Amino acid sequence: MQIREMNAHFFRGVIVTTEKNIRIYYTKAPVMIFGLLFPLFMFLSFYLGRELDLYLFFPGLLAMSLFFTASSVGPLITPWEKQAGTYERLLSFPVSINTIILGDILAGMVFGIIINMIVLIVGLIIFNYSINIFFLLFGVLLASFCFSSLGVLLASPSVRSPSHIMMFSSLIRFPLIFISGIFVPLENLQGTGRVLVYFSPITYLVDIFNLSFRGKSHIPLIIDFTMLFVFSVIFVSLSNIFHKRNLMKGL
Amino acid sequence: MKKENNKVIKVSELTKRFGNIIAVNHVTFSVNEGEIFGFLGPNGAGKTTTIRMLTGLLTPDSGDISIEGINIKRNPIKAKTKMGVIPETGNIYVDLTAKQNIILAGRFYGIFMRELNKRADRLLEQFGLYERKDNLVRTFSKGMKQRINIASAIVHDPDILFLDEPTPGLDVQSQRLIRNIITQMNQRGTTIFLTTHNIEEANLLCERVGIINKGEIVAVDRPEKLRRTFEATQSVEISFNKSINGDLIEKSNLVNRTEKLGDKWKLYTDNPDKLVKYLVKFAQDQDLIIVSMEICRASLEDVFVRFTESKIHAN
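These protein sequence lines are chains F and S, in that order. For reference, each letter of the first sequence is one residue, going 1 to 251 in my numbering. For reference, each letter of the second sequence is one residue, going 252 to 566 in my numbering.
Take these hints with a grain of salt, some might be off.
[To be verified] Each computed BS3-like pair below joins lysine-lysine, with the alpha-carbon atoms no more than 27 Å apart:
| no. | chain 1 | residue 1 | chain 2 | residue 2 |
| --- | --- | --- | --- | --- |
| 1 | F | Lys249 | S | Lys333 |
| 2 | F | Lys244 | S | Lys261 |
| 3 | F | Lys244 | S | Lys324 |
| 4 | S | Lys333 | F | Lys244 |
| 5 | F | Lys249 | S | Lys393 |
| 6 | S | Lys384 | F | Lys28 |
| 7 | F | Lys244 | S | Lys329 |
| 8 | S | Lys369 | S | Lys396 |
| 9 | F | Lys249 | S | Lys369 |
| 10 | S | Lys324 | F | Lys249 |
| 11 | F | Lys249 | S | Lys515 |
| 12 | F | Lys249 | S | Lys525 |
| 13 | S | Lys515 | S | Lys525 |
| 14 | S | Lys393 | F | Lys28 |
| 15 | F | Lys28 | S | Lys396 |
To be clear, the hints were calculated from the coordinates, so they are not data collected in a lab. In this text the structure is predicted, and so the values were computed from the model without any measurement.
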C-alpha cells in the first residue's frame with residue numbers, strides 16, 4: 001500500500017474515531033461526573049469558608065479543571081465499547097490500534113479544551129489578568145494532549161465494566177492533583193512534597209499558567225514544556241503497549 | 252462471476268496458542284472467489300479465533316493468511332479495506348441512529364458523504380428499516396440491530412464478507428432476510444465466509460464447508476460430497492402409536508445406533524431396506540401401528556456429528 005494511501009487511512013480513521021467519541025461519550029454520566037462535577041466540587045470544597053485570594057489560585061484551579069476534563073473521556077471509551085460489544089466491530093474497520101488510541105486522545109483533548117476555554121473566559125472577565133496568550137494556549141494544547149493520553153492509558157486494563165476503570169482512574173488522578181502544587185504553591189512546599197511535586201504532569205501546567213497569568217514561574221518554561229512533552233510520550237507509548245496487550249481481553 | 256481457481260482467501264498452516272492451549276492448530280484451507288464457504292465446528296473448536304485472524308483482529312503465532320493476494324500480517328489495513336466483517340460479539344452503537352451507524356462505518360472506508368447518504372438510504376430500504384432510519388438503535392429489536400450491523404458491514408461493497416454466527420437468537424423473518432441478503436450479495440460476486448453452528452443454515456447457503464474441531468480442520472468439501480462419504484450413516488425414522496423399548500429394536504443387529512426424537516425413533520443403519528422389513532414385522536408381532544416411517548440419507552448434521560464425535564472419541 002502506498003505510504004500516502006496509508007496516511008490517508010490513518011488520519012481519516014483518527015478523525016472519524018474522534019467524531020464518534022465526541023458524539024457518543026461526551027454526554028455519558030461518568031464523563032459529566034468525573035469531568036465536570038468533580039473539579040467543580042473540588043474547587044468549592046477548597047474555596048468555601050476560607051479567605052483565599054482567587055486571583056492567586058485561579059491558574060492552579062484552571063489547570064485542575066483541564067486535568068479533570070481532558071482525562072475524563074479516555075478511561076471510559078474502551079471499557080464502554082468492550083461492554084457494549086462495539087469494540088470488535090471498531091477493530092474490524094480499516095484502523096490500527098494506534099488510530100483508535102489517537103482518536104480517543106483527541107476526543108478527550110477537545111473536551112478538555114472546550115470546557116477549559118469557558119472557565120478561562122469566565123476567569124478573564126472576573127479578574128483583570130494581562131495574559132501571555134502564546135504560552136497559555138500552547139500550554140493548554142500540550143497539557144490537554146498529555147492529560148487525555150493519561151486518560152486513555154488508564155482505560156487499558158482489561159475490564160468490561162466502565163465503573164471499575166472510573167474507580168481505578170480516580171485512584172490515580174486524585175493523588176496527582178494533591179502532589180501538583182495547585183493547593184500549595186511550589187515555593188511553599190517542603191520535604192517529600194517538594195520532590196513528589198515533580199512527578200505530577202499538572203505541576204508543569206500550573207507553572208506555565210502562573211507565568212501566563214501572573215508573570216511568575218518557579219520552573220524554567222522550557223523545562224515545563226519539555227516535561228509535559230515527555231509525560232505525553234510516556235503515556236502514549238504505554239497506552240500503545242497495554243492496549244495492544246489487552247486488545248482481545250474482555251471482548 | 253465465480254472463478255473456481257481464483258482463491259481469494261488462502262490460509263496456510265495457521266496456528267494460534269493461548270498459553271498452553273492450542274486454539275488453532277496448523278489450519279490450511281482456501282476459499283474460491285464468489286463462493287459461499289461455511290465454517291462449522293462445535294463450541295470452542297476454534298471458529299472465532301480463526302475468523303479473528305482472517306480479519307486481522309488477532310495475529311497468528313505462525314502460518315500465513317492471504318486476502319486477495321494481500322498478506323494480512325504485513326498489510327492488515329489494506330486487507331481490511333477488501334472485507335466486510337460481522338463479528339460474533341460485534342455490535343452497533345445504540346446511541347446513534349440507524350443511518351448514523353451506517354454512515355459512521357462508511358466514513359472509515361473514505362466514501363464521500365453524498366454517495367454515503369445514498370448508499371445508507373438504499374441499504375435501509377433493502378433491510379426494511381428506512382422508516383426507522385432516524386431512530387436510535389437502542390429502541391430496536393435484536394433482529395433489527397443485526398440488520399443494521401450487516402448494513403454497516405457492507406456499505407463499502409466489500410469483495411469478501413465474513414459473518415461470524417450471524418443468525419442465532421433472531422426471529423425467523425430476520426433470519427430469512429439475512430440469508431436472502433447473503434445470497435443476493437453472493438450473486439453479485441461477493442465471496443462469503445460464514446461461520447455457524449446452524450447446520451441447516453450451512454446446508455441452505457454454502458457451496459463448500461470446512462469443519463473444524465479442537466483447532467484442527469477435519470474436513471473441507473462440498474456438503475453433498477461429505478454426505479456421500481457417510482452413506483453408511485443412513486437412518487430410518489419411525490414412530491408407533493405406543494411407546495416402545497428401544498432395546499427391542501437394537502436386538503435386531505441391523506441398527507448401529509438409536510436416537511429418541513420426541514415420539515420418534517431415529518435408527519442408524521447400513522441397510523435401510525432390511526431394517527424397514529424388520530420394523531414392519533416387529534410392529535405386527537408387537538401389535539403396534541406404524542404412525543410414520545421415513546428413510547433418511549446422511550444429513551450435513553450427521554456428517555458434522557460424525558467428524559466431530561470421532562475426533563472427540565479419538566481424543
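Given pair status - Lys329(S), Lys244(F), alpha carbons within 27 Å | With a Cα-Cα distance of about 19 Å, the restraint between Lys244(F) and Lys329(S) holds, given a limit of 27 Å.
Taking only the CA atoms, is the gap from Lys249(F) to Lys525(S) under or equal to 27 Å?
-> Violated - the C-alpha atoms of Lys525(S) and Lys249(F) are around 56 Å apart, more than 27 Å.
Hint consistency between Lys249(F) and Lys393(S) [alpha-carbon to alpha-carbon, up to 27 Å] = 24 Å, holds
Does Lys324(S) pair with Lys249(F) here, judged by a C-alpha cut-off of 27 Å?
-> 20 Å, holds
Restraint check for Lys515(S) with Lys525(S), where alpha carbons must lie at most 27 Å apart | Answer holds: Lys515(S) to Lys525(S) is near 19 Å, not above 27 Å.
Take the C-alpha atoms of Lys249(F) and Lys515(S), compute the straight-line distance between them, and say whether it is at most 27 Å.
-> 45 Å, violated
Is the Cα-Cα distance between Lys244(F) and Lys261(S) 27 Å or less?
-> Status holds; Cα separation ~26 Å.
For the pair supplied as a hint, Lys249(F) and Lys369(S), is the alpha-carbon distance within the 27 Å limit?
-> 37 Å, violated
Keeping to a limit of 27 Å between CA atoms, is the pair of Lys249(F) and Lys333(S) held or broken?
-> 26 Å, holds
For the pair supplied as a hint, Lys393(S) and Lys28(F), confirm whether the alpha-carbon distance does not exceed 27 Å.
-> 23 Å, holds
Are the Cα atoms of Lys384(S) and Lys28(F) separated by 27 Å or less?
-> 23 Å, holds
Take a quick look at whether Lys369(S) and Lys396(S) sit within 27 Å of each other, Cα to Cα.
-> 20 Å, holds
Consistency with the previously given hints fails for numbers 9, 11, 12, ordered from lowest to highest.
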